[in-house]
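Each protein sequence line maps, in turn, to chains L and P. Counting from 1, position 247 in the first sequence corresponds to residue 246 in numbering that gives the first Met the number 0; the numbering is continuous, with no gaps. Counting from 1, position 60 in the second sequence corresponds to residue 59 in numbering that gives the first Met the number 0; the numbering is continuous, with no gaps.
For the record, the hints were derived by calculation from the structure and aren't laboratory data. Since the structure is predicted, the reported quantities are computational estimates derived from the model, not experimental observations. Backbone N, C-alpha and C fix where the C-beta goes; we use that ideal spot for every residue, glycine too. Check before you lean on any hint, since a few could be wrong.
Partner residues aside, some chain P positions facing chain L, computed with beta carbon under 8 angstroms [said to hold, decoys possible]:
id: 1; residue: VAL21
id: 2; residue: ALA41
id: 3; residue: LEU56
id: 4; residue: GLY57
id: 5; residue: MET63
id: 6; residue: VAL67
id: 7; residue: LEU79
id: 8; residue: ALA82
id: 9; residue: SER85
id: 10; residue: LYS86
Straight-line C-alpha distance at most 25 angstroms; calculated SDA-like pairs for lysine to any residue [claimed, not checked]:
id: 11; chain 1: P; residue 1: LYS86; chain 2: P; residue 2: MET32
id: 12; chain 1: P; residue 1: LYS84; chain 2: L; residue 2: ARG152
id: 13; chain 1: P; residue 1: LYS84; chain 2: L; residue 2: ALA105
id: 14; chain 1: P; residue 1: LYS86; chain 2: L; residue 2: ARG152
id: 15; chain 1: L; residue 1: LYS455; chain 2: L; residue 2: GLY104
id: 16; chain 1: P; residue 1: LYS84; chain 2: L; residue 2: ARG100
id: 17; chain 1: P; residue 1: LYS24; chain 2: L; residue 2: PRO222
id: 18; chain 1: L; residue 1: LYS434; chain 2: P; residue 2: LYS87
id: 19; chain 1: P; residue 1: LYS87; chain 2: L; residue 2: PRO151
id: 20; chain 1: P; residue 1: LYS87; chain 2: L; residue 2: MET225
id: 21; chain 1: L; residue 1: LYS363; chain 2: L; residue 2: THR297
id: 22; chain 1: P; residue 1: LYS24; chain 2: L; residue 2: ALA142
id: 23; chain 1: L; residue 1: LYS455; chain 2: L; residue 2: GLY354
id: 24; chain 1: P; residue 1: LYS86; chain 2: L; residue 2: ASN298
id: 25; chain 1: P; residue 1: LYS84; chain 2: L; residue 2: HIS102
id: 26; chain 1: P; residue 1: LYS87; chain 2: L; residue 2: ARG100
id: 27; chain 1: P; residue 1: LYS84; chain 2: L; residue 2: ILE96
id: 28; chain 1: P; residue 1: LYS84; chain 2: L; residue 2: GLY104
id: 29; chain 1: P; residue 1: LYS84; chain 2: L; residue 2: TRP226
id: 30; chain 1: L; residue 1: LYS437; chain 2: L; residue 2: GLY356
id: 31; chain 1: P; residue 1: LYS86; chain 2: L; residue 2: MET225
id: 32; chain 1: L; residue 1: LYS367; chain 2: L; residue 2: GLN452
id: 33; chain 1: P; residue 1: LYS86; chain 2: L; residue 2: THR99
id: 34; chain 1: P; residue 1: LYS87; chain 2: L; residue 2: TRP226
id: 35; chain 1: P; residue 1: LYS84; chain 2: L; residue 2: THR99
id: 36; chain 1: P; residue 1: LYS86; chain 2: L; residue 2: TRP226
id: 37; chain 1: P; residue 1: LYS87; chain 2: L; residue 2: ASP150
id: 38; chain 1: L; residue 1: LYS455; chain 2: L; residue 2: ALA40
id: 39; chain 1: P; residue 1: LYS86; chain 2: L; residue 2: LYS455
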Amino acid sequence: MITDMFGSFAPMMPMVIMIIGALVMPALYFITKSRRLLPAASLVVIAASAIMTFLMLEAGYTGTYGSLFTFDAFSGLMLLLFQTVVFLAVLISGSSIETTRMHVGAYYSLLLGATTGMMFVATASDLIAIFVGVEVVSISSYALVAMKRNDPRAAEAAVKYVIIGGLSTALTVYGISLLYGVTGSTNLMDIGAALATAQFSWAFVIAMITMIAGYGFKIAAVPFHMWAPDVYEGAATPVSLFLATGSKKMGLVVFFKIFLILFVVAQTAFATAEIQYVFAIIAAITMTVGNVVAITQTNIKRMLAYSSIAQAGYIMIVLAVMNEYALTGGLFHMFTHVFMKGGAFIVVAALINVGLGERISDYKGLAKRAPLIAFAMMLFLFSLAGIPPLAGFTSKFVLFSAAIYDPATGVMSQWVWLAFIAILNSAISLYYYTKVVKTMYIDKPKDDAEKIQIPKTFMAAMVLCLVFVIVLGVYPQLILDLCANAAAAFF
Amino acid sequence: MIPIEFFLIFGGILFAIGAYGVLTKTNAIVILMCIELMLNAANINFVAFAAYNGDVLGQTFVMMTIVVAAAEVAVGIAILLNAYKSKKTTDVDELTTMRW
Numbered sequence: 000m001i002t003d004m005f006g007s008f009a010p011m012m013p014m015v016i017m018i019i020g021a022l023v024m025p026a027l028y029f030i031t032k033s034r035r036l037l038p039a040a041s042l043v044v045i046a047a048s049a050i051m052t053f054l055m056l057e058a059g060y061t062g063t064y065g066s067l068f069t070f071d072a073f074s075g076l077m078l079l080l081f082q083t084v085v086f087l088a089v090l091i092s093g094s095s096i097e098t099t100r101m102h103v104g105a106y107y108s109l110l111l112g113a114t115t116g117m118m119f120v121a122t123a124s125d126l127i128a129i130f131v132g133v134e135v136v137s138i139s140s141y142a143l144v145a146m147k148r149n150d151p152r153a154a155e156a157a158v159k160y161v162i163i164g165g166l167s168t169a170l171t172v173y174g175i176s177l178l179y180g181v182t183g184s185t186n187l188m189d190i191g192a193a194l195a196t197a198q199f200s201w202a203f204v205i206a207m208i209t210m211i212a213g214y215g216f217k218i219a220a221v222p223f224h225m226w227a228p229d230v231y232e233g234a235a236t237p238v239s240l241f242l243a244t245g246s247k248k249m250g251l252v253v254f255f256k257i258f259l260i261l262f263v264v265a266q267t268a269f270a271t272a273e274i275q276y277v278f279a280i281i282a283a284i285t286m287t288v289g290n291v292v293a294i295t296q297t298n299i300k301r302m303l304a305y306s307s308i309a310q311a312g313y314i315m316i317v318l319a320v321m322n323e324y325a326l327t328g329g330l331f332h333m334f335t336h337v338f339m340k341g342g343a344f345i346v347v348a349a350l351i352n353v354g355l356g357e358r359i360s361d362y363k364g365l366a367k368r369a370p371l372i373a374f375a376m377m378l379f380l381f382s383l384a385g386i387p388p389l390a391g392f393t394s395k396f397v398l399f400s401a402a403i404y405d406p407a408t409g410v411m412s413q414w415v416w417l418a419f420i421a422i423l424n425s426a427i428s429l430y431y432y433t434k435v436v437k438t439m440y441i442d443k444p445k446d447d448a449e450k451i452q453i454p455k456t457f458m459a460a461m462v463l464c465l466v467f468v469i470v471l472g473v474y475p476q477l478i479l480d481l482c483a484n485a486a487a488a489f490f
Numbered sequence: 000m001i002p003i004e005f006f007l008i009f010g011g012i013l014f015a016i017g018a019y020g021v022l023t024k025t026n027a028i029v030i031l032m033c034i035e036l037m038l039n040a041a042n043i044n045f046v047a048f049a050a051y052n053g054d055v056l057g058q059t060f061v062m063m064t065i066v067v068a069a070a071e072v073a074v075g076i077a078i079l080l081n082a083y084k085s086k087k088t089t090d091v092d093e094l095t096t097m098r099w
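One chain only, chain P, in its complex shape:
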C-alpha cells in the first residue's frame, strides 16, 4: 500500500499551487479555477484519510464538497457575467471603484 504521506504531500502541493494562483492571477475565471484546485486538494486528503481509517465519513464529506464547489462555480460564473456586462472586463485589477 502507498504510504499516506504521499497523498498528503500531493494534496499539499495542489493546495499551494491553488493558493499561489489565487494570490497572483488577475483574471477572475482563472482565480475560480485555482479555488477549485484548493478544494480538490482537501478532497484528496479526505479520501486518503477515509481509506486509511477504514470508514466512509471522509468520502461523505467529499460528496458535500463537490456539491458546494459546483454551486459556488455556478453562482460565481453568473456574477462574473453580470460584472462583465457593466465593466467589459473580468480582470480583478480593474474592479477598483471602491477602495478603503
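Isolated chain L (complex conformation):
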C-alpha cells in the first residue's frame, strides 16, 4: 500500500506534492528561463498529486493528521475536483495570450499554492485549518487577478476583490471567535458536541450571521455577490476559470463542513430548522437574481459570472435540505459544473486568443468560422441550462429531486417550493444561453471573417470537457457512485 511509505504524513501527501510544486516553480523559471517548461512541469506536479489522491481513494484509505486534517472518501473526492480545476487552468494558461506579460514563475506558483489552500479546506476538520486554507486561496487569487497588468479593468477588479475579500475575512474571524467563546473549541466535532447541550445565546446567533455573511462572499451568494462579475471580467480568462469553478467550490465545501457537521452530524439540539430556512431563502434569492441579471449582460464573461452565481444558488439547496441524498446531488453538480462552466470559459479564452472580443455580438456567425468550437460552446451552454442528455441535466435532476423527496425515508420533503423555484430558474437561464447559441448559429458573420484556428492545448482542454459533459450525461455512475460514497462518509 502506497500510504505506508509516508507514515503519519500519509493523509497530507497530495498537499505536500502540490506545495513542493508551488515552491519549485519560481526556481525552475529562474534556472531555465523557459516559458514553455513551466506549464508542463505544473501539469506533472498536478498529475502526481491527483494519482496519489486517486490511489488513496481507491484503497479506501482514511486517516487524520494531528486533529486538523482528515482524509476520507469526501475529502478525497474534493481533492480530485480541485486538481481537475487547476489542471484545466494550467493546460490553457501555457498558450493563452492573456498570460504572456505575466511573470510565469509567480503565476504557476500562485496557481498551485491556491490549489493547496483549497485542498487544505477539503481535508480540514478544524476551524483553524479551514480559516488558513481559505485565506491561502484568497490572497493568492487577489494576486492572480492583479497580474494581468496591461488591462486597467484587472487593476480595478483586483482592488474590489481585495477589499471585499478582506471584509469577508474580518467577518468570518469575528464569527469564529464568538463560536470559540461559546463552545471552548475550534474542532468542528467538539463544537457540535458542545452545542448539543448549550442554551440559546446571542453570541451564537451573531457568530452564525457573521460566518454565513463572510463565507457567503466567497461563494458569491446574493446579497454578497457584487464582486464576482467584475472580478471574472477583469481577470485573465484562465484565472476566471480557476476562480469560477475552483474558488467557488471551496466556499461551498466550507459551508458543507461547517453547517452540515454542526447541525446534522454532531446533532446540535437547537436552531437547525431556522438555519435550514435561512439557507433556503438565500438559495432561492441567489439563483433568481443570478439568472435574471444574466439576461441583460452583453459581455460573455459577465454573463458566465452571473450564471455561476445562479449555479451556486442551486448547490445551496443542499444546505436547506441537509440530507445524504441532497449532498450526493450537490457534489455531483459541483463536478459537472467544473466541466460545463470550465468548458465555456475555455472556449472564451480560445476565442480571445485568436482576436475575437468578449462581447456576445462578436460571436456572430461563429458556426461558419469554427464549427467544432461553436458546437462545443452550444453543448456547454445547453448543459448549464440542463438539457438532456447532457451532464447538467443529470446532476440537476439528482439535486432538485433531493428537494422534493428523500429516498432514504420515502417522505415528501418540505422544500418542494424550492425545487419549483429552481426549475423555473432553469427555464429563465435557457433564454440567455439560447441567445448566445442563436448569435453563433443564425446571425451572419462579418464579410471579412475567416476560418478560426485555435492552439492545440485549447483544443485538448475543450475536447476533454466536452467528453465529460457528454459521458456524465449518459453514464452518470462514473462519478455519481463516488459522490454517494463521499456523502455516506460525510454523514
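Guided by the hints, dock chain P onto chain L, whose structure is given.
Relative to chain L, chain P alone:
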C-alpha cells in the same frame, strides 16, 4: 478579575467602528485600515476567551490571524499601487469602469 463582558463589548465596539469605516470611507487605504480594526476586534475576543477558558487555542488562532492580516495588507497595498499607476487615484468611488 475584569468581567469578560467588558472585553466583548470593547471588541464589539471596535468591530462596529471598523465595519462602519469599510462601508462609508472611499479611500481604499483607509478601508484596509478599517478591515485591520475588525480583525483586531476578533483577536481581542480570542485572547479574552482563551484567558477565561484557560487554554491556549485562542492565542494560537490569534497568531494565524496576525499572519493572515499581514499577508493580506502586503498584497492589498501592492494591488492599490498597481491600480494607482493606471487610474491615478485610490478612491474606490472612481473605480467604476465595470458596473452591473
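Review point. Straight-line Cα separation of LYS87(P) and TRP226(L) no greater than 25 angstroms?
Key: Distance ~22 angstroms between LYS87(P) and TRP226(L) Cα, so the pair holds.
Review point. Regarding the pair LYS84(P) and ARG152(L), is the alpha-carbon distance no greater than 25 angstroms?
Key: holds, 13 angstroms
Practice item. Using 8 angstroms as the Cβ threshold, decide whether GLY57(P) counts as touching chain L. Key: holds, 6 angstroms
Practice item. Verify the proposed pairing of LYS86(P) with TRP226(L), using a straight-line Cα cut of 25 angstroms. Key: holds, 19 angstroms
Exercise for review: Sort out whether ASN298(L) lies within 25 angstroms of LYS86(P), counting only the CA atoms.
Suggested key: holds, 22 angstroms
Review point. Keeping to a limit of 25 angstroms between CA atoms, is the pair of LYS367(L) and GLN452(L) held or broken?
Key: holds, 13 angstroms
Review point. If you draw a straight line from the CA of LYS437(L) to the CA of GLY356(L), is it 25 angstroms or shorter?
Key: Holds, because 17 angstroms separates the two Cα atoms, which is no more than 25 angstroms.
Review point. Is LYS84(P) within 25 angstroms of GLY104(L), Cα to Cα?
Key: Holds - the C-alpha atoms of GLY104(L) and LYS84(P) are around 23 angstroms apart, at most 25 angstroms.
Check your understanding: Going by Cβ atoms only, is SER85(P) closer than 8 angstroms to chain L?
Key -> Since chain L brings a Cβ to about 4 angstroms from SER85(P), closer than 8 angstroms, the hint holds.
Exercise for review: For the pair we were handed, LYS84(P) and HIS102(L), check the Cα-Cα distance against 25 angstroms.
Suggested key: holds, 18 angstroms
Check your understanding: Holds or violated: is there a CB of chain L closer than 8 angstroms to the CB of LYS86(P)?
Key -> holds, 7 angstroms
Review point. Between LYS455(L) and ALA40(L), does the CA-CA distance stay at or below 25 angstroms?
Key: holds, 18 angstroms
Against the hints set out earlier in the document, violations occur for numbers 18 and 39.
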